[in-house]
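J.: Each chain, written out:
2 protein chains.
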Amino acid sequence: MTAAALHHTTTTSNSSSGYTNGTIAAVPVTGDRSERPANVGILAMDIYFPKTCVDQAELEKHDGASTGKYTIGLGQTKMAFVDDREDIHSICLTVVSSLMEKYGVAYTDIGRLEVGTETIVDKSKSVKSVLMQLFAESGNYEVEGIDTTNACYGGTNALFNAINWIESSSWDGRLALVVAGDLAIYSSGSARPTGGAGAVAMLIGPNAPVTIEHGVRHTHMEHLYDFYKPDLSSEFPVVDGALSVASYLKSFDTCYEGYIKKLERKLAVPHANIDEVDYFVGHSPFTKQVQKAVAHISMIDFKRDPTNERYDAVRQAYLDVPVAQSYTDKVMERAFVAVSKEIYRTKAETALYAAKQIGNMYCGSVYGGLASLLSQVSSADLLGKRITLFSYGSGSAASMFSFVVVGDTSTIARHLSIVERLASRVDVPPVDYEKVMELREKTHQLRSYTPVGSLDNLFPGTFYLEHV
Amino acid sequence: MTAAALHHTTTTSNSSSGYTNGTIAAVPVTGDRSERPANVGILAMDIYFPKTCVDQAELEKHDGASTGKYTIGLGQTKMAFVDDREDIHSICLTVVSSLMEKYGVAYTDIGRLEVGTETIVDKSKSVKSVLMQLFAESGNYEVEGIDTTNACYGGTNALFNAINWIESSSWDGRLALVVAGDLAIYSSGSARPTGGAGAVAMLIGPNAPVTIEHGVRHTHMEHLYDFYKPDLSSEFPVVDGALSVASYLKSFDTCYEGYIKKLERKLAVPHANIDEVDYFVGHSPFTKQVQKAVAHISMIDFKRDPTNERYDAVRQAYLDVPVAQSYTDKVMERAFVAVSKEIYRTKAETALYAAKQIGNMYCGSVYGGLASLLSQVSSADLLGKRITLFSYGSGSAASMFSFVVVGDTSTIARHLSIVERLASRVDVPPVDYEKVMELREKTHQLRSYTPVGSLDNLFPGTFYLEHV
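From first to last, the protein sequence lines are chains A and B. Going by our numbering, 344 is the number at position 338 of the first sequence; the sequence numbering is gapless. Going by our numbering, 473 is the number at position 467 of the second sequence; the sequence numbering is gapless.
A couple of the hints might just be wrong.
Chain copies aren't distinguished; within one or between two, either way the pair holds.
[Claimed, not checked] Derived pair list, reagent style EDC-like, types lysine to aspartate or glutamate, alpha-carbon separation capped at 20 Å: (1) LYS268 with ASP178; (2) LYS294 with GLU444; (3) LYS448 with ASP237; (4) LYS272 with ASP178; (5) LYS347 with ASP115; (6) LYS294 with GLU228.
Keep in mind that the hints were calculated from the coordinates and are not lab data.
Generate coordinates for the entire structure from the input sequences, incorporating the hints supplied.
T.: Structure follows, in structure tokens:
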């Protein structure tokens, strides 16, 4: 793709949306910078997903798959997709401009912007540099940060980098933007229903309502080929599904055990377990995988404290069975899925709303989960709560970390409006969805190409490709 | 490229290299982490370049170019290149393992590793994840950071991120590795002699001899298509040479002016100028470009203080001429190259040693410059000196920032030994160099391929591809 001509559809004016915008502004740092700012975290958040989606139950029928294969087996309700009018540049432009406009943030107040993505349309030029178009009018060209990549983990690295910048002596008092998004597209076959598309933008700064928790983060990285994209001319990844599912869970086990031990030390409580976590947000390639992750929370908690009465039903059978056996032992996995059902229902399921309705957004997935939570749970209920995230990118890179809610999240919830916005999408019949996939495959990497997708299939305020 | 089988040649044992290794170890953070560690910067540094190079004067003859076109016009002496035995994975493995071994650093003491590169062989799996192979034996899988990309700027983003991590409350007391490297390969034609290959590794931590200077960094980023890689299946970039040279200089002007103003404020000196900078290290696509950058230092200094007697020779002609005119006015550029010759000779040229001998290492270029300086100037002469760097990545992303030398750099100099190591390379005749370029082009992205390059063309301790 060369210099693409990008336009955007008319934005719905915020003044007509029924509420007044608050504004969030940077506060210039004066005097001594030797002290770190307090409560660094998420000041604002927005999510973009395409207007078009395909119903997974319809897709099951169309594909001749057994009933429930996608809806229950994968735990997916709908899958978002884009036609040839959108690419990684346009969806990131859309989500950043939307956040800035909704929250009334000045482009001059941004000192850092990093993009986490694995949707690579140029091996050299970053998506971040494309986003600098949005800053041109303000005259602010001093914006640090570029792109960061390792499968679905890029957004997490970008988030950590943004927070670290604000806590470092290099911070200049301005705010940071983190963009995490992807187009998840698979070749036709069993992996295709695990696709999705979308991007999340987060505004990071001090005195945030949703603050990062220090001293508990645990990371696990290793050299693996579970999911990768060695064919640079194709949009499709190469996937070893079984290895990827197992690697996710293995990384999860390491991260959760490391995290909970650090939390135990920090809180000085004996046998810390999932009870210390109010909400769990897992990276969701498909939501069933997160249910498995929750089962692994129970496996680790049980291993760490076999006397916990929550595990009465599995104690006898699994007291001496190592967690690793569950990577291949489906009976064991089901037993712990059963015993962790209440944890899943009360702590994890709310965060999976967007993932069920959109599918995988790769880098955006876990942050779409956080957005789902902040959008649906009231600010009063969230106050004082710990939200624990697990980010996994194949290859592999994984981290578990947490936010604590210390302020009012109602503005974020109102601007996200995930349930309402997802309900306003257009269901596209599977046969038309497949035509769009064929179109993308045929026109991928074409030059001097004019996209043919209808502009009616875009939400107001969406950037789109006019010519490539 | 799929899971490549990587091996490495026998390493020359350090015990036979005539000096005893010091060791650098992480110090666990205990107690209150609210204070930032002091003197964060470069503890150790290593550079890797291929054993094979082509002489630019020979290449001029071979290409039928006018004498001096590459050697004087570009300012290049030799160009390093790899055959089909090496790729971005292998050169990064080589430079990291070399640094760790030379300086006696334990893999368990590393808490972060980020790779800056634009040599993309997989759109999803990071080079960082490949480097995790080196950590496997130590059992340390808790290493944050992935890859970061925007043309030649990735190493700088990785460096800033590493420093910020250490200064943040997320720091766990361990050290960070920054890897910056690329294979710079152009299609046959006028850009080909501006190629190169190599990687730099830096160990970042507190109490470093070469410390980052705070409060002076200036960054400029904008949306440009001066150099990019839209053809994902090719190793070659698309280059608008004139635009790229001008964009580099425009970014340079903005960054230098911003930087020198911040330095002026920090040092509380009137009319701060290049006299405050002891050494200048510029990103070098070819060294002539850095000489132009130095000319721009003079343009900005002259604009900021037209009474400076250093500019007597140009005052009358250029007093009212804006710096921007020089982007197209070659007479003006030459006038300022002439008037800045002494600045170039005393402050900039030493740092260009590796760039002249290797060519462009893209992300590694400016750090190869820093390595050249630390390798050639004695520790006593460096002590207390300010080293100012300019990093530019097309697309575009640029920063100017500085290090101050506060400790002994002799160990770093000894381990780098740039002059001696560059002198030990093998000059390959241009006709054979071209055959290698053809081989790379033909075999790029092949699968089930066994490289044919001779292992004699590798330094001891070099990782190489056995099978792809």
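J.: If a hint holds in the structure, say so; if it doesn't, say that too.
T.: Going through the hints against the structure:
1. LYS268 with ASP178: Classified as between; 12 Å across copies, 31 Å inside a copy.
2. LYS294 with GLU444: neither (28 Å within a copy, 48 Å between copies)
3. LYS448 with ASP237: both (16 Å within a copy, 16 Å between copies)
4. LYS272 with ASP178: between (30 Å within a copy, 14 Å between copies)
5. LYS347 with ASP115: Answer is neither; intra-copy 44 Å and inter-copy 40 Å both fail.
6. LYS294 with GLU228: Cα proximity of LYS294 and GLU228: none, with 24 Å in one copy and 41 Å across.
Of the numbered hints stated above, those contradicted by the structure are hints 2, 5, 6, listed in ascending order.
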